Amino acid sequence: MSGLNHELVTQQFPEVEWEEKNQCFVVPPEKAKEVLTWLKDHPDFRLDYLSCVSGVDYLESEVKTKEKNEEGKMEVTVTQVPAKMEVVYHFFSMEKKMGPMVIKQRSMERDNPVVQSLTPIYRGAELMEREVFDLFGVQFTNHPDLRRILMWENFEHYPMRKDYVTPNDYDYEPTPHDEVIERAEERRSQLRGDTV
Amino acid sequence: MSVAEAMPARSYNLSKDELGADILEVAMGPHHPSTHGVFRMDLKLDGETVVDLKPIFGYLHRNHEKLAEDIPYLGSMPFTDRLDYLCGMTNNWAFALSAEQLIEIEVPERAEYIRVICAELTRLVNHCLLVGFFINDLGALGTPLLYALREREKILDLFETLSGARMMVNYMRFGGVRCDLPDGWLQECERIVDQFPAFLDEYETLLNENEIVITRSQNVGVLTPEEATNFSITGPMLRASGVNYDIRKVDKYGIYDRFDFKVPIGAHGDCYDRFMLRMLEMRESVKILKQAMADIPEGPIMGNEPRVFKPDPQETYGRIESPKGELGFYLIADGTTNPYRYKVRPPSFVNLTALRHMCIGQKVADAVIILGSIDIVLGEVDR
Amino acid sequence: MSLIAKGILQGMAITAKNFIQSYYKKERLPTVQYPEEKSTVNQFTRNIPFLVYDGEDAIDGMRCTACKLCEKACPPQCIYIIKDTDENGKPIKRPEVFDIDSSVCMSCQLCVEVCPFESIRMDSEFELSNENRFEGLLINRDELLKSNEYYHEIHPIEAQDTDDRIAAKIAEAEAKKKAREEKARLAAEAKKADAVMKNAKVAAVTEALAAKAPAAEQIQESEAKTGVIKPEAAALGTTEKSATKAPPPEPVSKDDQASTPQTKESKAPGEDSEPKIF
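Protein chains in written order, with numbering that gives the first Met the number 0: chain A, 0 to 195; chain B, 0 to 382; chain C, 0 to 277.
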């Protein structure tokens, strides 16, 4: 958000971090509702319009950085970045016509993430949070009606996660061209990075 | 004995217990001519009044967002056509805008003017269709709808000459547009745009003072401005409720700050306001088109796009005012040719949050009109 | 709300106007009685791809070299290519199998944009229905090959632009070839002259062998000269090559507007006085 004074928020709520690289706030899930109620009514921000709720999935990964150590040689340090699941909220202010403010609720438990729902404050979040639950498996506490929205009700697993494997149970109508299907399948597994 | 004593007046005000009436659950199912696509509403009816409403969709879910993680950025441009399949050009522009925020590209002037012309023509196309289907939903089955579609066909022929296809245009690229305007296109476009206000006048005589339309759509599905903002509604539906928020004026993306146009705002927030607002928006679009076609310069149509589109790791959110509301793309790039996360913020999907709130207490026939006034396209709702 | 319902009567007047005028005004009744009468197909329409061949024979004249760029660029992956091999098993620049699954193809035209040999183009044929759902909709290479004249018929402006681009490329290649031949010829001449001079020098040396030392100095000078001439001749050749390597701007540049460095992008239809579009 241009012209945003992020210090105000970090002073009021010390648990909230400001990430400089992505220009966003990272809010721990327990505090989300309190922070947002404060932001909605504060005269400097007046965030009255929630535009977009999306889920992002991060698997455990390694980051390699090259640095020169004391002897002047190039040393490669490998840091483990833990897995996490984030729910990203984009807010705008219709009153002040100000640009996007990005707030992320980050849960470090990727297998069963639980965050607070913002539906009691912003009623527009209802359907969007249901979609994040449906496709990523994120549980929202205090949501009035949390159930699957785009997939059918008895569907298992969460399709948008990075480790979701599309089941190979299509009824293939036989074309004389099964090589195409094989090649496509091979390429897809190559892109996913499967090790054979 | 008088008549009054011989035949006493019967009272027909029976209570529900005496009548033995129950709440009826009706699935206004996916196969329905008035639900604008494969959309299902589970209605709970008490007589004719809607007591509860549950929207169910997902019948057209194609997992567009996951597909986009496997193919490069340009390869998912044809898939964005199929999101809101009636307005192909604006979907393409939204995606091109978001991707251009990831790398430094400058879009040339002529390409910007062409983009504005295509976007406003798309707005005409969409609102034409909507107003036609409004009359259709009210009961005038077919005939006035086809008058509106007849006008729409002329603009679709223009799109076919420009990009090769009527609806799935695949025309915008990162940094410009795919190909230049053919000879004679601008003259034909001017001719069509000059004829358009005559069609609008004819349609307004059908709509404005028609007693059926007025009785059936005024004070039906009312949304107050505070409710509308809280429900995250955008587009003509929000402006009909009285909130002055048009992304073309707020964000000033592209070259919209050079054009002189007004943003119509409604006063009551009911269905009648939403439709009248769309007619007024069509007139404003005609104004913008005339200005753009007069000022369009010569020049290149494509900026300097890198050979391989590989942005640095960052995230961005780009949005435009599509004819239905705010269409946004949230892209996370991780330094490879494919996006890490690609999310579409569809206006129809978010506008549907208010459906239940608006329909409770109304009659079944009104539920159809309210759904029509929200202007949904299932390709966008389900992606 | 009056009893006469003026608004409804106004609306009915519009409908009556449309009904009566549809009998004599063409724009009020745009119906075309298909399949007895067919409206003209726009020359810019696209449906599914086809391969272009020049000349008479389809297999020999096809422009496709099986580079597989279109296969990679296709978003739904509907193209399948196998390169051709000759009798000895060496690969040649031609596809043996080029299948397009037209039930998968979504006419997005990205294959046309990336083709560097101008060989795959979009057809406007839409009457493709078939009784066999699987084999019938899978189009193989021989059915896809259509001649350049056909391409001129369906997309005149685009075909003309393509032909001009190909002609320009051929002209450029020819110019380069000529320059190279020129340079080779000059190098050969220089060699010959050099050899003649050497023979002459040898004869002079044998004659002057009987003479004294100052003659020997002359010989040394001339040998140094012959030693110098050769690299000079070679240097001359390279400067010539570099001069022709920065080629003159393309002789036919109808579309000056497209300033993109990529040649893959299909250029705009040109500004020539070609048949009217509408």
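If you're looking for bench data, these hints aren't it; they were derived computationally from the structure. Fair warning: this is a prediction, and the values are worked out from it, not measured in the lab. Heads up, the beta-carbon is just placed ideally off N, CA and C, and yes, glycines get one too. Keep in mind that the hints are not guaranteed to be accurate.
With the C-beta cut set under 10 angstroms, the calculated list includes, among others, these residues of chain C facing chain B [to be verified]:
#1 ASN41
#2 PHE43
#3 CYS73
#4 ASN198
#5 VAL201
#6 ALA203
- [ ] Identify every previously stated hint that the structure contradicts and give their numbers, smallest first.
- [x] 4, 5 and 6
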